[in-house]
Structures are given as C-alpha cells and as structure tokens.
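Protein sequences, first through last, are from chains A and B. Heads up, the first sequence is in numbering that gives the first Met the number 0, so the first residue is 0 and it goes up one at a time. Heads up, the second sequence is in numbering that gives the first Met the number 0, so the first residue is 0 and it goes up one at a time.
Hint data in this document are derived by calculation from the structure and do not stem from the laboratory.
Here are the simulated distance ranges between beta carbons:
id, chain 1, residue 1, chain 2, residue 2, range
1, A, 376, B, 24, 20 to 28 Å
2, A, 2, B, 237, 55 to 63 Å
3, A, 219, B, 195, 53 to 61 Å
4, B, 270, A, 383, 48 to 56 Å
5, A, 277, B, 96, 37 to 45 Å
6, A, 89, B, 144, 29 to 37 Å
7, A, 117, B, 24, 57 to 65 Å
8, A, 29, B, 4, 42 to 50 Å
9, B, 4, A, 39, 50 to 58 Å
10, A, 328, B, 4, 22 to 30 Å
11, B, 144, A, 234, 39 to 47 Å
12, B, 2, A, 38, 43 to 51 Å
The beta-carbon is built from N, C-alpha and C at its ideal position, and this holds for glycine as well.
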Amino acid sequence: MSVIYLDNNATTKVDPLVLEAMLPFLTEYYGNPSSMHTFGGQVGKEVKQAREQVAALLGAEATEIVFTSCGTEGNNTAIRSALAVQPNKNHIVTTEVEHAAILSQCKLLESQGYKVTYLSVNNQGQLDLDELEASLTGGTALVSIMYANNETGVIFPIEQIGHIVKEKGAIFHVDAVQAAGKIPLNMKNSTVDLLTISGHKLHAPKGLGALYVRKGVRFRPLLVGGHQERGRRAGTENVPGIVALGKASELALTHLPEVKKEKQLRDRLEKGLLSTIPNSQVNGHLTQRLPNTTNIGFKYIEGEAILLSLDQYGICASSGSACTSGSLEPSHVLRALGLPYSVLHGSIRFSLSRYTTDEEIDRVLTIMPQIVERLRALSPFQSDEESWLQEQEKAVALAKN
Amino acid sequence: MWDYTEKVMDLFYNPKHQGVIEATDEPGLKIVTGEIGSIACGDALRLHLKIDESTNIILDARFQTFGCASAIASSSALTEMIIGMTVEEAMKITNRQIAEYLGGLPEEKMHCSVMGQEALEAAISSYKGIPIVVHEEDESALVCRCYGISQARIKRVVIENKLDTAEQVTNYIKAGGGCGTCLVDIDDIIADAWQEMKAQSAAKTEENSAVTATSVAVATKTETQVQVARPLTNLQKITLIQQVIDSEIKPFLALDGGDVELYDVDGDKVKVQLKGACGTCSGSLATLKYAIEAKLQERVSPTLVVEAI
Chain A
0 MSVIYLDNNA TTKVDPLVLE AMLPFLTEYY GNPSSMHTFG GQVGKEVKQA REQVAALLGA
60 EATEIVFTSC GTEGNNTAIR SALAVQPNKN HIVTTEVEHA AILSQCKLLE SQGYKVTYLS
120 VNNQGQLDLD ELEASLTGGT ALVSIMYANN ETGVIFPIEQ IGHIVKEKGA IFHVDAVQAA
180 GKIPLNMKNS TVDLLTISGH KLHAPKGLGA LYVRKGVRFR PLLVGGHQER GRRAGTENVP
240 GIVALGKASE LALTHLPEVK KEKQLRDRLE KGLLSTIPNS QVNGHLTQRL PNTTNIGFKY
300 IEGEAILLSL DQYGICASSG SACTSGSLEP SHVLRALGLP YSVLHGSIRF SLSRYTTDEE
360 IDRVLTIMPQ IVERLRALSP FQSDEESWLQ EQEKAVALAK N
Chain B
0 MWDYTEKVMD LFYNPKHQGV IEATDEPGLK IVTGEIGSIA CGDALRLHLK IDESTNIILD
60 ARFQTFGCAS AIASSSALTE MIIGMTVEEA MKITNRQIAE YLGGLPEEKM HCSVMGQEAL
120 EAAISSYKGI PIVVHEEDES ALVCRCYGIS QARIKRVVIE NKLDTAEQVT NYIKAGGGCG
180 TCLVDIDDII ADAWQEMKAQ SAAKTEENSA VTATSVAVAT KTETQVQVAR PLTNLQKITL
240 IQQVIDSEIK PFLALDGGDV ELYDVDGDKV KVQLKGACGT CSGSLATLKY AIEAKLQERV
300 SPTLVVEAI
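Next up, chain A with everything else stripped away, as it sits in the complex (with noise of 0.2 Å):
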C-alpha cells in the first residue's frame, strides 16, 4: 500500500535534487570549511553559494544569513538576541498560537523575571492590530509573530505589525518556518527585523535551518565558541545540511509559481469533505492562509480515532486533539479560535505538497466519510442538541466565565 502523504506541515519529503546536491559532502568532500587548505576551502565555497540560494529566497543579502540547526534555534537566538541587545526593556509581545519554540521560551523568560504579553486572535485565527498596539510600551523589546501558522494556516499581515512595531521602537522577529517556501518572501524594504526558517519544511533533510538578521540589527550570538558564520553562530558548519537547505531554497523558489496547483488540490479536497461529510466546518480564515492547508473539525468524534482510521489506508494527517500528543490539553491553536470542544477533538490537519496528486486526494475523499460514518456510529454525541452535549458544552462555557 503506497503511502499519501498529507502532513506536509510536520515535515516534508526529501527532495531528490536536494539529496543529490548534499551526498558528496557526506562523501568525498568533507573538508572543514575553516580550514586553510583547498579542500576544506572547495567546501567553504559551497557554503557560500548556499547561503546566497536561500538569501534569495527570502529575498535578502547573503550576509544577512545565519546557518542554524533547526528552526527551534533560530527562535530561540533572536529572543535571546533581541533581549541581550536591549538590557534596559523587560517586555515582550508574542501570540497565544505560536508554536512551542516560542511559547516555551517565552514561559522561561516569564519565570526569569521578564514580562510577556500573548495577543489573543478571533474565531477565524486572525490578530486584533488594536489590541498589538495597545500592548506595546516603551519597554517593549522584543514583538516575535509567526508569518504562518502551523496548525491553521493562518497568515498574519506581517508588513503592517512591522509598521506598528516600529513606529515603537521594538525589535521585530517573525517566525516563518511554515510560511518559507509556501508563499513569496521579500526582506528588501520589510519592516523584519529577524526572521526564521527550517530545512525540513521544505523539501530538506532535518536538522537545519537559518536565521535572517537584517542588516544594522544589533546581534548576540546564542551558541558562543569559534568564529564560524561572522561569529553569529559558534559551532563547524553542517556542510551537508547547508548545501541540501541552500538547494532546496532555490528549488522552492522555483516551484513557487506552482503552488497554485497546491492549493487547488487542497480546495478540492476541502470541498468534497465538506460536501460530503455532515457536520464538518474549516478551521481558521478561509482565504487567509497557507495555500496547502486545511484544517477541519469534524464534529463529535475523536481526532485520533480519525487518525488511526486514516493510518489503515496508508493516509497520513495530523490532529490537534489531546489524545494524539500524550498532553491532557487539546492544540492551543484551536482553543485560541474559541472552537466548541465538540468540533476541536475532532479536528484533523491536512498539508499538502508538491508532491500531492489528484489521485490521492481522490482516495481521501473516498475514504474520509466512511471512516467519519463508522466513528460517529460508535459516539454517544450525535448532534448539538443531544442534552449530554449540550450539558458539557454549557459547564465548560460557565467555568470560563
């Protein structure tokens, strides 16, 4: 049973490209690029020409790429960064959406004493800019705003909150590991200041990624040792991750014209879900996200039930339901949109890829609605009135209030 991939947004198959760019570097070009001999110096020009691919990707300067070893570094090090070049301000304004990279040391720095303000989004996964400028202090250090979310894909107005946060004087950092690849990227004329990337999301092996520091940003490394990276980023280059990361940006930048077939597929899909499974409703702004995800609650069962049904038939998806992650707690991500609990257990992520075809999608909408049929056959909830429902549904709501 060949496999269909659909949870693009966790990783992403290796590109073959890519995997051929990186093999010699594990082979038989595995010089130090530090090192002042020609070999390790060949080694060092590959480096140099990776790091102008995924500049150009992003749309910046070569010399505004760090190399990192994931996207949860990068994260890390501009927090750090921003709060080690402004030892004077205290605050930071993030989103309750962000992804664990950001939330968790966000937690940590909220216990070492520094203040951080999470900006809540509306039932569609969108900001309040309002309630962003309003959060916003003369200490305010740092603002840290995914470009993309993981789990909606969601796209926030990243330009705009730069205006806002500028016009403050905070550093602006935007986390763009699922945006990367996905939809254009520009730095030239952005109001970014620092902004992360992983390898893995598109198309690259894992265990890499880079960090763009705009130029005239002031900078404190994370990792301190060696002088590699202009003395950003201590630590011997991952020759082969960076060559397979700066081959897979030029490739991304090269399929993206192509994304429009992406998004018909997932459109297609989402169509014929919705269609044909009652009681199903797309999580997040319908038009403002990612072109290859949805993300749909299907009412009164259980996302990994749905999961491991899916998991039969060789599909693989995502879900953000509690049971799924071993936490007691369903995603953050959906109970930020203020979903009933009777549509967020049941939500199940899908991601596309280039790779996706209109026969897989197919199958899935071949699939899906049993698998749905069977599950709500074996759950005691079957619609909003059931007065068992409505009972939890109504408590849950009080105890909030």
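Given chain A, put chain B in place with the hints provided.
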C-alpha cells in the same frame, strides 16, 4: 505514535457490542445506562446494560464511546467481560482488569480503563437505584478544578492501582493535567493514601496471626468432623458438574444463542466444548471464566479449572 497492543487495535477496528439497548416491556428485565466523561475532557462513555432482575445477571451490555482508540477498545473489552456476570461480580471489576484484558495500555492512556470502570459503577448504581458515585458529590474536597475531580476519587484510584506519583494520577484520571496547580495537593493525597494502606496492611497481618493461632488450637477438635465431610468421588463430581451445566449454565448461554457440552473431567480440570454463538464469540474467554468456571467453582468445587477444547 502510541504503542498499542494487537488486542487494542483489533477492538478499535472491530469493536464488539457497540450501540444502545432498546427499551423493553418484558417483565423481569431492566435496562439501565451509566454515563461518564465529557466532551470537554476528550472522552466520554455511555454504557447500557440489560439485567435479569431475578438473577441479577447482566444479559447484554452495549457502549457508545467518544474518544481515542484505547477508549473505544476499553469500552468494548468491558462489555465482553461483564456479559454473563452477576451485578455483584461485575462490581468487582477494576480498571486494571480492563487494561489486562487488552494486554495492557500505555500509562498515559490508563484513564480510558478507569472510564470503563466508572461507567459500570454508574450503570449499576442506576440499576440499584442508589446515587451515582457518592464521592463525586464531595464538593468541599474538589482538588482538580480543571477536570472537576475530588479528593475521594484521587485517593480511590491511588489505592486501587497502587500509584505513587502525581503524574500517574494524571494518567489514570486526568487530575492535575490542566493548569497543574493541584499537583502539590495530589502529592499529599498520595502520601496519606499510602500511609493508610500501610496501616491497613499491618492490621491485617496482626489479624491473620491471631486467626492462625486460633486455627491451630481448634485443629485437633475438628479433625473428626473433617473426616465425616468426605470429598466427592469422581463419579459424583462428574455427575454434579453435568447437572449444573444442564440446569444452570446452558439456559443462561442460550439467551445469547450459545451452548456448551461437557467433554471430559480430569482431576480438577474440566474440559468443555463451546457451541453455537459461544463457539465463535470473541468474548468466549470471559464466558468460560465468568459464566462457566465461576458457576462450577461455586456449585461443585472451588478448585475446578475450566478449559475449552
């Protein structure tokens, strides 16, 4: 991905006894329901039982579950285990037995087995017409506000499952899994429960010593009486087993379209052949253990072991 046993996955993909039991006017039969969990918590179980009021035997059990694979499998396992049991026997089922029936559950999913036990308790409370889970009404001792879990319930799960960390309590009944502010209180409840368990254990040891001493003292006196109550001969034993099977077990199995035949008796080993619906039912092990072996142990000899051929 969770490391589920084959049994969990089998019962998830092919659950037995799902659905509801239709109301009946038939005299002597009572249909009751037990509900536990909530959609807010991410799992909920509605258990339906059909009980013969004259014998207190659970004739049928059906479930409706909102939840993950282990919640659905636990519900199905529970129904398989209790069909054929008396209400009194079913009440003794623990969440650990449900988990064992499934070949084990991941520690983080043990709350699914607890949900089964509690739904059963709720259904039986309804059958007996007594208030459902009295300890839940202890508002003053609410410990976990996120999931509405009382001190009494935490203590009970600690004792029944010999839990010794707050994390385990969270895995079993979710208490402490929300904001986490009650974890310190849960630690205290665990410490108290263990102290109580140790005190009870010490008291029991003392009591056993006293019983042993008394037994030794009366042993000589009762020796003659023991000799009078002679054990059954093989023929008597086989005849009695056959009688119990014919008069008590067969009619009960027939209610579900099942049947059983005595094949052989070898010492304490009773070999039987399951027939009809029992021959193909995936719950036949439970039938063998609870409907046949338990009955023969009660009516013939407590040392009998029943095997299917």
